[in-house]
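Add chain B to chain A, keeping to what the hints say.
2 protein chains.
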Amino acid sequence: MSAALEQLSSSKMFDGFNLRFRHQSATLGCAMTFSIYMPPSPASNIPVLYWLSGLTCNDENFIMKSGAQRAAAAHGIALVVPDTSPRGLNIEGESDSYDFGVGAGFYLNATNEKWKIWRMYDYVVKELPKVSVSAFAPIANPINCPWGQKAFSNYLGSTKSDWEEYDATCLIKKNNNVSTPILIDQGDADKFLAEQQLLPRNFEEACKAVGAPLILRMQPGYDHSYYFIATFVDDHIAHHAQFLKSA
Amino acid sequence: MSAALEQLSSSKMFDGFNLRFRHQSATLGCAMTFSIYMPPSPASNIPVLYWLSGLTCNDENFIMKSGAQRAAAAHGIALVVPDTSPRGLNIEGESDSYDFGVGAGFYLNATNEKWKIWRMYDYVVKELPKVSVSAFAPIANPINCPWGQKAFSNYLGSTKSDWEEYDATCLIKKNNNVSTPILIDQGDADKFLAEQQLLPRNFEEACKAVGAPLILRMQPGYDHSYYFIATFVDDHIAHHAQFLKSA
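Just so you know, the sequences run in chain order A and B. At the far end of the first sequence sits residue 255, using the numbering used here, and the numbering has no gaps. At the far end of the second sequence sits residue 255, using the numbering used here, and the numbering has no gaps.
Just chain A, same shape as in the assembly (with noise of 0.2 Å):
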């Protein structure tokens, strides 16, 4: 995110500015759009929030649907979204399937030689640094679900092992130190849900397990869609400002 940053659009909304930038990645070796909202006034030590969007989505889903930038102009906090995947690297069947490849949100560095250059952990972890953690409805043990089995199989190898170092259920039982808690928000009428593809029961039994500090929220008759993330944002953007500022 060093010289070349182009900005693509500039769009005021609650005093702040919805801002979309394109760079080149030296990372992923292609050029990369994001979003940022950057709150009214903002102070040198502005709090900045990160939004990893999911299957389907690029950097423009959550700044165009979610109302987010409500909160986030009240709390003083910059959100910044990145894209989900490479593009344009044209690895052949790239773009072949919704749950797969272009577009859909893995953050991991792929092993599998077909995929090495797909390196979107260390993307967001060492081009854009790391924040305390919420989520809606998250993929919560995709070892154990269909999508993620699909993933890890493709871009990491048969190898189970290597597969936990991207969950976060394997993850929060190895390593153990979180200190703040996690939010949740899960709608129990996410078709996803019922097709066994998110497993947040999983994820709280590992938390359990470890002692580690996660509020679950079941939310009834919520399904997958901006509409219920726009819904519970505000309480997620309230969450992180209360663990950022106190930091």
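It is possible that some hints are incorrect.
If several chains are the same, the list does not tell them apart, and a pair holds so long as it fits within one copy or across any two.
[What the hints assert, rightly or not] Pairs of lysine to aspartate or glutamate residues, derived as DMTMM-like cross-links and limited to a Cα-Cα distance of at most 20 Å, are as follows:
hint, residue 1, residue 2
1, Lys20, Asp67
2, Lys199, Asp23
3, Lys20, Asp243
4, Lys20, Asp196
5, Lys20, Asp231
Just so you know, the hints here were simulated from the structure itself, not pulled from any lab data. Quantities reported herein were computed from a predicted structural model and do not represent experimental measurements.
Just chain B, lined up with the frame of chain A:
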């Protein structure tokens, strides 16, 4: 909106529901979609607010991007969002430009032979009841701007006096029975303002001339996007709630 209402989707948001329907419009002679937001626990007499979108939109942009559901839920008001034009009537050239024909929101009854099936005014006013007024960056004086002149000459013919029936600035001059204030928000960084497409000052002058109550707010730095709408939509919902509830 009688018999055959086909429900296309339902998504919970702020404890209410976004619903989308398709029905066969008797007025237009084609299938039309519209969106509704129903607030939680609706009373038997629930106030209804109609949102009419502009150029390039359909019934989904406002529902997806404005975040208006938060305030609608809080005030107990339903939102109804019709599509902006007939679709599928296959009039020659109907999809050739963004500012005329399919997707271009001009709510008039066309009289030119070629377009006379285009009766959005009757569709919205007769198939759906009428309410009090507010607007975001409206084409306030279409007979004097390029967008309006293109649309009116094609839909209505060359007689300028016919055009005045669909021009807010002309109508307020002729028919000043507005008892509740009209609220208009207009971004001053809106490129269509600079291009003389919107002309809110003409409308303001007409209101002053006849003593019609107008609140015209020029919002510094804001453009013509849904981000601008999302920023101020709460004020508009509150504005309508005040008058809908005292009616």
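We went through each hint and held it up to the structure:
Taking identical chains as interchangeable, the C-alpha atoms of Lys20 and Asp67 lie at most 20 Å apart only when both belong to the same chain, with a minimum of 17 Å there against 24 Å between chains. For the identical chains of this complex, Lys199 and Asp23 are inter-copy neighbours only, at 18 Å across copies versus 37 Å inside a copy, given an alpha-carbon limit of 20 Å. Taking CA atoms no more than 20 Å apart as the test, Lys20 paired with Asp243 passes between copies only; the shortest distance there is 17 Å, against 23 Å inside one copy. In this assembly of identical chains, the alpha carbons of Lys20 and Asp196 lie at most 20 Å apart only when taken from different copies (11 Å versus 35 Å within one copy).
Within a single copy, Lys20 and Asp231 get their C-alpha atoms only as close as 30 Å, which misses the 20 Å cut-off; across copies the closest is 7 Å, which meets it.
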